[in-house]
Amino acid sequence: MLYLVGTPIGNLEDITLRALRVLKEADIIACEDTRNTQKLLNHYEVKGKKLLSYHEHNEDKMSDKIIEYLEEGLDIALVTDAGMPCISDPGYVLVEKVKTAGLDVVALPGANAGLTALVASGIESYNYTFYGFLPRKSKELKQKLEIILNLKTTGILYESPHRVKNLVEEIVKISPTRKIAVARELTKMFEQIETYEASVILDMLGGEIKEKGEFVVIISPSKDEEITDLNLDDIIEIIYQKVQSGEKKSEAIKNTAKEYGINKKEVYSLYHEKYD
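Every position in the sequence shown, counted from 1, becomes a number in my numbering once 1 is added.
Warning: the hint list may mix true and false statements.
As the list claims (entries may be wrong) - Calculated lysine-lysine pairs in the BS3-like style (CA-CA distance at most 30 Å, straight line):
1. K275 <-> K145
2. K143 <-> K48
3. K40 <-> K145
4. K224 <-> K189
5. K140 <-> K153
6. K275 <-> K213
7. K275 <-> K153
8. K145 <-> K213
9. K40 <-> K224
10. K213 <-> K138
11. K145 <-> K250
12. K249 <-> K143
13. K153 <-> K174
14. K224 <-> K180
15. K166 <-> K255
16. K180 <-> K266
17. K153 <-> K138
18. K62 <-> K25
19. K140 <-> K189
20. K224 <-> K259
21. K211 <-> K145
22. K66 <-> K51
23. K140 <-> K25
24. K213 <-> K259
Think of the hints as simulated: they come from the structure by calculation, not from any bench.
From just these sequences and the hints, can you work out the full model?
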């Protein structure tokens, strides 16, 4: 059996009793960084475990090896350095291969930085889209942000401390009064979650908000008056994001075409040409 085990994102107390039991009982623990996982195991006195290095650079090779172990009847726990496997962390390749092989996968709920920041931000949390890390190149980042800022769903982003100011600067260029939240050092001693207009957050960065620790950025949904002019490619991408969030394709196409005052048949044709 393959177990996907959520681990703490900072505070070591944020781990479930079930997760600890599985880690103790597993024959092998596959981990992103064996050193980080060993610290967690030492803290909870989980001893004598065989650790297998599994990260983004060896996913294909090690996934095949893990499947061999599973076929031998071994129980394997997959963990990352922090949070849930597969969420901006390694794991998807393995899960896909394991399920294709007809083997069982069990996910154990655990800590997640994006959702932790969202529920504490004071920004709408009923309808959201998780984006993880955005492109680094300036042009691609701007294009992606223009799409996100035009969506009527809350956006959840991850960013590193040395790029977070640039991210917020780009948000301000497009929608300076948009309410956003930045969260850093989540669950740790110096946890900080600030929610203000984007321009205010930008002024706080480097001062009241130290550019240290991994960041989560929450972007509030767009309002009608904030919508900017988009080309058809952008609109097709908006529909795609809605579908990814769970909206029916036909409804997403119809509603978005109506929202932007464009021909539904034209949008339908372009969408299917790109994504079907």
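The hints, checked one at a time:
no.: 1; hint: K275 <-> K145; result: holds (17 Å)
no.: 2; hint: K143 <-> K48; result: violated (48 Å)
no.: 3; hint: K40 <-> K145; result: violated (37 Å)
no.: 4; hint: K224 <-> K189; result: violated (34 Å)
no.: 5; hint: K140 <-> K153; result: holds (23 Å)
no.: 6; hint: K275 <-> K213; result: violated (40 Å)
no.: 7; hint: K275 <-> K153; result: holds (22 Å)
no.: 8; hint: K145 <-> K213; result: holds (24 Å)
no.: 9; hint: K40 <-> K224; result: violated (46 Å)
no.: 10; hint: K213 <-> K138; result: holds (22 Å)
no.: 11; hint: K145 <-> K250; result: holds (21 Å)
no.: 12; hint: K249 <-> K143; result: holds (27 Å)
no.: 13; hint: K153 <-> K174; result: holds (19 Å)
no.: 14; hint: K224 <-> K180; result: holds (11 Å)
no.: 15; hint: K166 <-> K255; result: violated (37 Å)
no.: 16; hint: K180 <-> K266; result: violated (34 Å)
no.: 17; hint: K153 <-> K138; result: holds (25 Å)
no.: 18; hint: K62 <-> K25; result: holds (25 Å)
no.: 19; hint: K140 <-> K189; result: violated (34 Å)
no.: 20; hint: K224 <-> K259; result: holds (15 Å)
no.: 21; hint: K211 <-> K145; result: holds (25 Å)
no.: 22; hint: K66 <-> K51; result: holds (14 Å)
no.: 23; hint: K140 <-> K25; result: violated (47 Å)
no.: 24; hint: K213 <-> K259; result: violated (43 Å)
Of the numbered hints given earlier, the model fails hints 2, 3, 4, 6, 9, 15, 16, 19, 23 and 24; all others are met.
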